[in-house]
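> Below, each chain spelled out in residue letters.
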Amino acid sequence: MVLLSLAYQSLKNRVLTTTLTVFSIGLSIALLIGVENVRVGARESFANTISQTDLIVGARGGSLQLLLYSVFRIGAATNNITYQTYEHWKNHAAVAWTIPYSLGDSHRGFRVVGTDENFYTHYRYRRDRSITFESGRLPQEVFEVALGSDVARTLGYKTGDKVVITHGVASAAGRGILDHNDKPFTVSGVLAKTATPVDRSLYIPLEGISAVHIDWTDGAPPMPGEEVPAAKITKQTMKIDQITSFLLRSKSRIDTLRLQREISTYSEEPLQAIIPGLTLQELWRTIGYAEDALTVVTFFVIIVGLLGMLVSLYTSLNERRREMAILRAIGAGPVKIISLLVLESFLLSIAGCVLGVLLVYVLSVTFQPIVERHFGLYVPIQAPTATGWIYLGAVAAAGLVIGFIPAWKAYRNTLSDGLSVRL
Amino acid sequence: MSERAPAIRLTDLHFSYGKGPEILHVPAFQVEAGERVFLFGPSGSGKTTLLGVLAGVLGGYTGNVEVLGRDIAKLSGSQRDAFRGSHVGYIFQLFNLIPYLSVMENITLPCRLSAERRGRLNGVSMDQAAQTVAKRLGIDELLAKRVTNLSVGQQQRVAAARSLLGAPELIIADEPTSSLDYDHRERFLELLFESCKAAGSTLLFVSHDRSLMHLFDRQLSLPDINKAGF
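Same order as they appear, the protein sequences are chains A and B.
Here the first sequence is numbered in our numbering, starting from 1 and rising by one per residue.
Here the second sequence is numbered in our numbering, starting from 1 and rising by one per residue.
Any given hint could be a false lead.
What the hints assert, rightly or not - Subject to a maximum C-alpha distance of 25 Å in a straight line, what follows is the list of computed DMTMM-like cross-link-like pairs (lysine to aspartate or glutamate): (1) Lys12/A with Asp127/B; (2) Lys19/B with Asp417/A; (3) Lys232/A with Asp179/A; (4) Lys193/A with Glu372/A; (5) Lys162/A with Asp116/A; (6) Lys197/B with Glu141/B; (7) Lys235/A with Asp179/A; (8) Lys239/A with Glu117/A; (9) Lys336/A with Asp71/B; (10) Lys74/B with Asp417/A; (11) Lys232/A with Glu117/A; (12) Lys336/A with Asp127/B; (13) Lys409/A with Glu319/A; (14) Lys90/A with Glu117/A; (15) Lys227/B with Glu22/B; (16) Lys145/B with Glu319/A; (17) Lys336/A with Glu116/B; (18) Lys90/A with Glu269/A; (19) Lys239/A with Glu269/A; (20) Lys239/A with Asp182/A; (21) Lys239/A with Asp215/A.
What the hints assert, rightly or not - Some but not every residue of chain B turned toward chain A, in silico, with C-beta under 7 Å: (22) Val57; (23) Ser78; (24) Arg84; (25) Gly85; (26) Phe95; (27) Ile98; (28) Tyr100; (29) Pro110; (30) Arg112.
As the list claims (entries may be wrong) - Under 7 Å between C-beta atoms, here's a sample of chain A residues computed to sit facing chain B: (31) Ser10; (32) Ala329; (33) Ile330; (34) Ala332; (35) Gly333; (36) Leu419.
Rather than coming from a laboratory, the hints here were simulated on the basis of the structure.
Please read these numbers as outputs of a predicted model, since none were measured by experiment.
Don't be surprised by glycine CBs; every beta carbon is placed ideally from N, CA and C.
With the hints as constraints, model all of the structure from the sequences given.
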């Protein structure tokens with residue numbers, strides 16, 4: 001206890017170096033734990049980009065491709081599936097609900113998704129969050145569109161604005177020559193932020209997709225004068241021929257695998273069904289090596305922090321030779337001298353750990369909403385994970401071990417100095 | 001410790017650092033219990049080394065060193081440290097105090113480190129005992145202060161108080177007055193004598209300044225007792 005209070009008071013006496021050392025260790029700890037949290041958050045956010053969907057079904061092709069265009073709106077489908085097929089599975093006894101997606105059009109770089117009410121009712125992300133509206137309501141008429149929050153924010157649209165969609169996927173700048181100019185859509189509402197790819201799309205009724213293409217033949221727009229006027233089109237008169245893919249929820253999880261097999265072997269049309277969780281994991285594994293690189297870097301930061309502590313303790317030893325001689329004179333043996341310095345280093349690293357954890361909390365609380373808004377990354381605010389505790393323990397232990405280096409030097413000093421110090 | 005055992009007895013002491021030249025050769029040197037001895041030690045006379053040996057910090061000598069009747073060569077390193085901590089008070093020439101502790105904490109530190117020395121406070125609390133010693137040395141007003149705010153004279157009195165607390169049998173003072181002016185030296189010595197008497201401690205006072213030697217019971221010169229290299 002005497003040594004502990006000595007160590008504490010000695011550190012307190014060197015406020016500046018102590019503070020700096022604790023800060024450098026604290027910052028590296030914060031970085032380590034922060035990276036760990038971001039890692040967990042990224043993996044979680046990624047895995048929960050889409051929730052409660054048991055299967056994603058599309059035309060046969062690559063499973064990753066199906067996931068990418070259906071969930072992340074990246075790439076395009078090579079084939080569509082017929083609406084009859086969709087209806088067959090929609091009405092299947094083992095199916096709870098389905099959400100159809102019809103893809104292929106865009107608006108200033110954002111994908112346009114044709115879907116129906118099921119999307120607004122059943123779509124779930126981050127475990128159990130559903131789609132809500134920031135303003136307005138879901139599209140009810142053929143030429144109404146709901147905007148993902150990023151779309152509305154980037155393009156500055158609000159409810160009531162007119163939106164012209166482009167055939168195919170054009171870049172943000174390119175207003176393609178194949179605009180569906182004759183059939184503009186009215187914004188009926190803006191979706192609330194989800195921090196998932198949902199934010200980066202426009203949502204129109206399936207009938208809307210059919211409507212803009214009604215007068216097209218063989219993938220080419222109608223000749224001037226041959227357009228079908230928008231005023232003549234109503235939801236009831238529109239026939240839906242095909243969709244791109246659909247999300248499916250089975251009534252019981254046990255049915256999922258059986259359904260998957262049944263869909264894959266459907267004889268009417270070549271289909272494939274993927275389990276989003278598995279494919280997401282597969283995708284994460286291919287891009288996840290970046291997180292290992294990040295961890296390696298943080299470990300080096302920790303090492304630098306600890307080396308800083310070593311340097312500050314070691315350099316303080318020369319000016320403390322006098323103090324050591326006094327301690328020797330009043331009966332402190334080498335063991336006590338060594339313990340004193342090891343304790344100091346241990347206290348520094350413990351203080352650094354505490355500071356680091358506090359920093360992570362403060363930063364998480366402060367920046368969590370910002371990070372979520374800008375990067376779609378939900379970083380959990382939580383007590384250190386098991387890995388976090390291991391890191392903390394390792395740093396404290398490293399502090400203890402490193403303390404032996406200056407302690408040994410101090411011990412050598414006291415042996416050669418004895419009770420005299422040549423100043 | 002027996003009252004009659006001499007505080008210090010050196011017999012045929014030889015010491016050198018490693019394979020270097022012999023620094024000390026003391027055929028015989030003895031300080032009786034309760035004595036106040038002035039040891040004249042000009043620089044280069046082996047003073048620092050002798051004190052290191054007496055304090056049990058320097059080993060590797062030949063001959064016999066008995067402190068308070070104990071042959072310190074027979075003690076292990078840590079036993080010597082503990083022995084010094086509880087039986088010997090040591091006052092340096094300068095910078096006696098741990099800079100980050102208060103005056104009170106400096107005075108009580110040896111007692112906090114050594115249970116045996118704490119035991120010799122005779123049931124009086126450490127703070128109370130420190131108060132008493134501090135009062136005798138005229139520094140009881142300073143106890144709560146930081147040591148960095150003290151004058152050199154005050155610092156030396158705090159060092160004296162620290163060496164005296166817990167009444168160690170032997171006080172070794174290594175030029176404690178060299179940084180004080182003449183009037184303060186005498187005053188400091190009077191206080192030190194008084195306190196040693198109250199604690200029943202033996203005082204070995206080493207200095208190169210002979211102007212104070214007349215105040216002591218006995219005067220010795222280190223060049224006379226150290227035959228090494230002469």
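> Now look at each hint and say whether the structure bears it out.
Against the structure, the hints come out as follows:
no., hint, verdict
1, Lys12/A with Asp127/B, "holds, 23 Å"
2, Lys19/B with Asp417/A, "holds, 18 Å"
3, Lys232/A with Asp179/A, "holds, 19 Å"
4, Lys193/A with Glu372/A, "holds, 10 Å"
5, Lys162/A with Asp116/A, "holds, 20 Å"
6, Lys197/B with Glu141/B, "holds, 23 Å"
7, Lys235/A with Asp179/A, "holds, 21 Å"
8, Lys239/A with Glu117/A, "holds, 17 Å"
9, Lys336/A with Asp71/B, "holds, 24 Å"
10, Lys74/B with Asp417/A, "holds, 22 Å"
11, Lys232/A with Glu117/A, "holds, 23 Å"
12, Lys336/A with Asp127/B, "holds, 23 Å"
13, Lys409/A with Glu319/A, "holds, 13 Å"
14, Lys90/A with Glu117/A, "holds, 14 Å"
15, Lys227/B with Glu22/B, "holds, 10 Å"
16, Lys145/B with Glu319/A, "holds, 22 Å"
17, Lys336/A with Glu116/B, "holds, 17 Å"
18, Lys90/A with Glu269/A, "holds, 15 Å"
19, Lys239/A with Glu269/A, "holds, 20 Å"
20, Lys239/A with Asp182/A, "holds, 19 Å"
21, Lys239/A with Asp215/A, "holds, 13 Å"
22, Val57, "holds, 4 Å"
23, Ser78, "holds, 5 Å"
24, Arg84, "holds, 5 Å"
25, Gly85, "holds, 2 Å"
26, Phe95, "holds, 5 Å"
27, Ile98, "holds, 6 Å"
28, Tyr100, "holds, 3 Å"
29, Pro110, "holds, 4 Å"
30, Arg112, "holds, 5 Å"
31, Ser10, "holds, 5 Å"
32, Ala329, "holds, 4 Å"
33, Ile330, "holds, 4 Å"
34, Ala332, "holds, 6 Å"
35, Gly333, "holds, 3 Å"
36, Leu419, "holds, 5 Å"
The structure is consistent with each of the numbered hints, conforming to all of them.
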